[in-house]
Structure formats: structure tokens, C-alpha cells
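**Q** Sequence:
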Amino acid sequence: MTRKPDRRSRDDFDPQSVPVYPVGRMEIRPGADGRDESAWLDGYEVPIPHGSSAREVLIEAMAARAAARPGSIKALRVVGLDANGSELELVVTADGTVHDVSAQASDSDSMVVTRKMLLGVGAGLTVVATGLVGAIALTSRDAPPPQAAGTRTVTYTPPATPTPTQLPALAPPGWSDHAEWASPPITSARPDVAVTGRGESSVVWMVTGQPQRMTAVSGTNGHVLWSVALGDQVTAGPVATVVNGQPVVMVVTGNTLRAWPADGSKASAGQSWALPTGSRVTLTAGGPIVRLDGQHVGLVDGAQLVQRVLPAAATPVAVLPGARLVAALGGQVWTVTTNTTAPAPAQLVAPKGTSVGSVVYADAQRLVATLVKGADTQHVQLASFPLAGGPKRNPQWHTGLLPAISIDPQQGLPVGDGWGVYGTTAVPWATGKAVGLPRDWSTFAISGKLGWGRSGDRILTVTEKGLAGASRTPPGAPVATEGATTPVGPVAMADGLALIPAADGRTTRVYAVLPEDPSATAPPSTTAPPATAKPKASSTAPGKATKPAPSKTPAPPRPSTSGAGR
0 MTRKPDRRSR DDFDPQSVPV YPVGRMEIRP GADGRDESAW LDGYEVPIPH GSSAREVLIE
60 AMAARAAARP GSIKALRVVG LDANGSELEL VVTADGTVHD VSAQASDSDS MVVTRKMLLG
120 VGAGLTVVAT GLVGAIALTS RDAPPPQAAG TRTVTYTPPA TPTPTQLPAL APPGWSDHAE
180 WASPPITSAR PDVAVTGRGE SSVVWMVTGQ PQRMTAVSGT NGHVLWSVAL GDQVTAGPVA
240 TVVNGQPVVM VVTGNTLRAW PADGSKASAG QSWALPTGSR VTLTAGGPIV RLDGQHVGLV
300 DGAQLVQRVL PAAATPVAVL PGARLVAALG GQVWTVTTNT TAPAPAQLVA PKGTSVGSVV
360 YADAQRLVAT LVKGADTQHV QLASFPLAGG PKRNPQWHTG LLPAISIDPQ QGLPVGDGWG
420 VYGTTAVPWA TGKAVGLPRD WSTFAISGKL GWGRSGDRIL TVTEKGLAGA SRTPPGAPVA
480 TEGATTPVGP VAMADGLALI PAADGRTTRV YAVLPEDPSA TAPPSTTAPP ATAKPKASST
540 APGKATKPAP SKTPAPPRPS TSGAGR
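The sequence shown lines up with residues 0 to 565 when you count with numbering that gives the first Met the number 0.
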């Protein structure tokens, strides 16, 4: 039954008092003939009963959600979206009143619109028929109130909340085989998935469908927040990064960089930058690095792609705020700010008997580089150097001998929050206390404080302190494909859920699963390789992190900048 608006309650209600989360999303899409419309709520199509309109169904749905909301504020924030990506920010109350709270609405024009007015029952009102829910144009601010209209019943069944489903693959140890939610079909068996935000505000980013679309879903319940056509195949990303000082999620499609605000709130707030033909892009945590022809690198600065000169034979390793490029070659490091000349390099001082090899990781505080001893090409040590400082920079720590590995320059090391995995070794960047992993270890992904990899036919969970669990392969366990008996590894974490790509027949989705018991995320047992064990002379196990002896050269101060390259 349609509820009658209470004018007094509308006058007393302050739409700005409504919490900023959650945000509902409703969209009206025009049909192929330009007349028939479809209604979409949080990315799901909603049936329109005979005799009802798309607008009516959507406003009824949001009003019902507002009425069911716990607490004293019976209202929800809503984003109305049209087929062109234009948005209007609204607040919908339990009685069906719609408040326009878009940034462009001035205080004097604060708009209160009843549901009947929104449906077109009222003088001086036009609702744009091509799609934007609540895209309202008043021909007169003093228009008379809506005429009385008969009350009728609209039957509405909201889209079902995602329900637990059987994971069509073996889960890693300690994780449930029932998914809390599943994504729309994705385009890759091992997709790049980005996660932004924390808790109920977490957003999971993935590429879905064919033709490909960028899709943002709630990390808590899997609801599609929005999905936008990309127009070309994705060649890199999505990756959480920083552009112009703001956190974004970025992809590369054809000759275009595309980015959206990391909070997942607005598809229309996306930005794009044209790429020169033939350029190669590496998406790092501090921003994209675009390799151009010759000795130049492109960095995003505002709405432009600016060039930075690259010293001969040097490798770009990081992007710092202000479109500053960090490049390295052996023990030399440059911070470049122009497209013409590079400054004099800083020197990374290697411990006696070693030389600096290549930089394998960089963040806002440090560079982590390999140390090479003599002609030994099979082993390296890792050492951390301060990113900022004087012309000579001494190591803050260095590990024992580790097996040397090759690193894909486009992918870099798998890294999490404050740690990473170098080959078969987990390394916390702050201390360098390396922990050995199985010799046949292969990393799947790291997300936050947890990582996963394969050893033999087992999926293992790992933290910066070592292994946290091993998988099981019980007979009769459900599998995605006939004959598959190996567990599937997660690609990321969101709101305490492990995100696992798995195929059910020919359709692959991302499934979100909860830990089955605390051991899934607990620190490793004392039987794990000790972090402080010294390697034998012929061993390749990680050694104790060693702090270098004090030098006559004072250690440079730690920078206070934020954001960094990978």
C-alpha cells in the first residue's frame, strides 16, 4: 500500500542527518526502442509489474528499505544514474519523500519531492524520461501542491540478497566451502582484483562480462554498486593506486588510462588519459609509470600525462607525490622532476664485500634492493635503504643469503601491508626478518596481512611470520571441473572474506568465503622456520636480518611523505 507523505515530518527532517553509508543505487535504462524502460536496483534488474512504472518500483523499493532500517533515521542516501553516467544524489525517506542533496543544489533551492510528484503527478514538474531517477526540472518554484490521487497497491519484490552458495572448488585451509556471495561472471580464471576501503565500506573491483565492464561491488554482500562498459579490452589492472593525491582504482584499456574514485561511489567521476601508441604501462601503488619511446617516462599530473627524463640504462621504480619519478641503476638512485635533466644521483652504500644489484621494492620510506656477493649469481641478500636523505645512504637492515629470482618488471613482487614475498621467502619491510617458505613455493596473491601460494598439491596460507596453514584434499569434496582435486587460492581479502575465483562449468566468478576457524588467520605455529635462524654457509634458507654497524655518515631522516610506487 502506498504510504501518504506526512508534510510536517518532511518539514522537520534534515536530509544531511542521514548517514553517508549505505548508499543505494537506482537506474532507469531506456529500451532498444527508446520507449520501454527497465529498472535497476544496486546493479540488479527489477521486474516492473503491469500498470507500474520503473520510477514507481524503484522509489517504492528504496522507501521500503528506509522503513526497515534500524535506528531512528528512516531514510537512505541514494544515487540516481542515467544511461549516460550522469548522477543525482538523493535521500529517500520511509514515506517516499525524495530530497535532492546533490552538490549543485543550493540551500535556497533545497528540493523536497513527494513520490507522487516524482511519478509526474503534480503541476510544473517534468521527469526526464531517458533514465535518471529523480532528474527533476521544476518550471516554477511556487508550483501548487500535487493534486489528490487515488491510492493503489503496487506489488514489489526486491532483488534477493545474495545467499550463501557452495564454493565450486576446494577452499584453502581454515576457510569455508560455502560462499557468502558470488560476483557476476568474470573474464579471467585468475583475475586482477582490487580491494579498497575497510569493513562495510570495502569495495571489490573486477572486470566482468564480454564486452568487458569495470564492475564495483560491495565487499560485504556482493551487491553491484555500478558497472560501466569499457569499450576495449583491459590490458592491466584493476589496481588500487594514487592519482593527483587521491586514492583511485585504475585500469589500462587499449591506449587509455582510466581511473575511478577508490570509494566506489561514482561511476561518472571516472577520469581518463590518452596514451601514446606503443607505450608500456606499469600500474604501481604510487601511480602509473608509462614507458615512452627514448629516455622518457610518462606520469599523471592533473589532467595531463607529463614526461620525466630517465637516466641512461636506469629503471623507473617508484612514483612520489608531485609527479616525481624515482629511478635506479645499481647503487645509484635519482629523483627526477623534469623532462630535460636528471639531478645528481644518490649512492646506496652496500655492506663490505657486496654490491647493490637491482631495486625490488619501493614505498614512501624505503627502497629494498638486492645485494650481490662477488661472482655468485645464484644467491642474493636483500637490503633496505632510506628513500630520502643525503648523497650517501646506508642500509637499515639486510638479510642473509636468499635464492636469487627473476622478477617480471610489469608485475613486481607480490606485496601486502608492510611485507612481501621474495621467491620462497616472506620479508617484513620494516625489520627484514626473513622467514623461509617451502622450496617449491609459488605465490598466488597477497592481500593485507595474508597471502596464499601453492606447494605441491596444497594451497598454503602465509603471513609475514611464515606459514599459517596447509590445505586438505578430502575424497569426495566438491570440485569445479571433473577430475580437479587441487584447492583454489584466493586473490584478495575484503571485509574478512577471502575472494576466490572458481569455475562452475564454463562460468567463472569470484566467491567470497569466511574463515572456518581462527587458525585460518592466526600467526604461524612455533614449528615454522624461525625468523632469526642464521643460514649455514651452503644453505639458501633466509638468514637473520642484520643491522649494519654505525657509520660515520649520519643516517638520513625518514621522509614524511605518503603514497609510493610499488
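Derived by calculation from the structure, the hints in this document are not laboratory data. Small disclaimer: the values here were computed from a predicted structure and weren't measured. Beta carbons: idealized from backbone N, C-alpha and C, even for Gly. Please note that a few of the clues may not be correct.
Label pairs and their in silico Cβ distance ranges [stated by the list, open to error]: (1) 506 to 439: 30 to 36 Å; (2) 275 to 186: 23 to 29 Å; (3) 29 to 406: 47 to 53 Å; (4) 338 to 276: 17 to 23 Å; (5) 18 to 228: 30 to 36 Å; (6) 101 to 343: 31 to 37 Å; (7) 455 to 513: 48 to 54 Å; (8) 406 to 456: 43 to 49 Å; (9) 199 to 13: 21 to 27 Å; (10) 275 to 438: 41 to 47 Å; (11) 338 to 270: 56 to 62 Å; (12) 199 to 455: 18 to 24 Å; (13) 430 to 186: 37 to 43 Å; (14) 311 to 28: 32 to 38 Å.
**Q** For every hint, state whether the structure bears it out.
**A** Hint check:
Distance hint check: the CB atoms of residue 506 and residue 439 are about 31 Å apart, consistent with the given range 30 to 36 Å. Against the hinted window of 23 to 29 Å, the Cβ-Cβ separation of residue 275 and residue 186 comes to about 26 Å, which satisfies the hint. The supplied range of 47 to 53 Å is met by residue 29 and residue 406, whose beta-carbon atoms lie about 49 Å from each other. One distance hint, 17 to 23 Å for the beta-carbon pair residue 338 and residue 276, holds here, with the actual separation near 19 Å.
A hinted range of 30 to 36 Å holds for the C-beta pair residue 18 and residue 228, which are about 31 Å apart. Roughly 51 Å separates the CB atoms of residue 101 and residue 343, a value that falls outside the hinted 31 to 37 Å. Between residue 455 and residue 513 the C-beta distance comes to about 26 Å, which lies outside the given range of 48 to 54 Å. For the pair residue 406 and residue 456, the beta carbons lie near 26 Å from each other, so the given range of 43 to 49 Å is not met.
With their beta carbons about 23 Å apart, residue 199 and residue 13 fall inside the hinted range of 21 to 27 Å. The given range of 41 to 47 Å is respected by residue 275 and residue 438, whose C-beta atoms sit roughly 43 Å from each other. Hint check: residue 338 to residue 270, Cβ distance near 22 Å, so the stated range 56 to 62 Å is violated. Distance hint for residue 199 and residue 455: a CB-CB separation of about 38 Å, inconsistent with the stated range 18 to 24 Å.
With their beta carbons about 39 Å apart, residue 430 and residue 186 fall inside the hinted range of 37 to 43 Å. Separated by about 54 Å at the C-beta atoms, residue 311 and residue 28 break the suggested range of 32 to 38 Å.
In this structure, the earlier hints numbered 6, 7, 8, 11, 12, 14 are contradicted, and the remaining ones agree with it.
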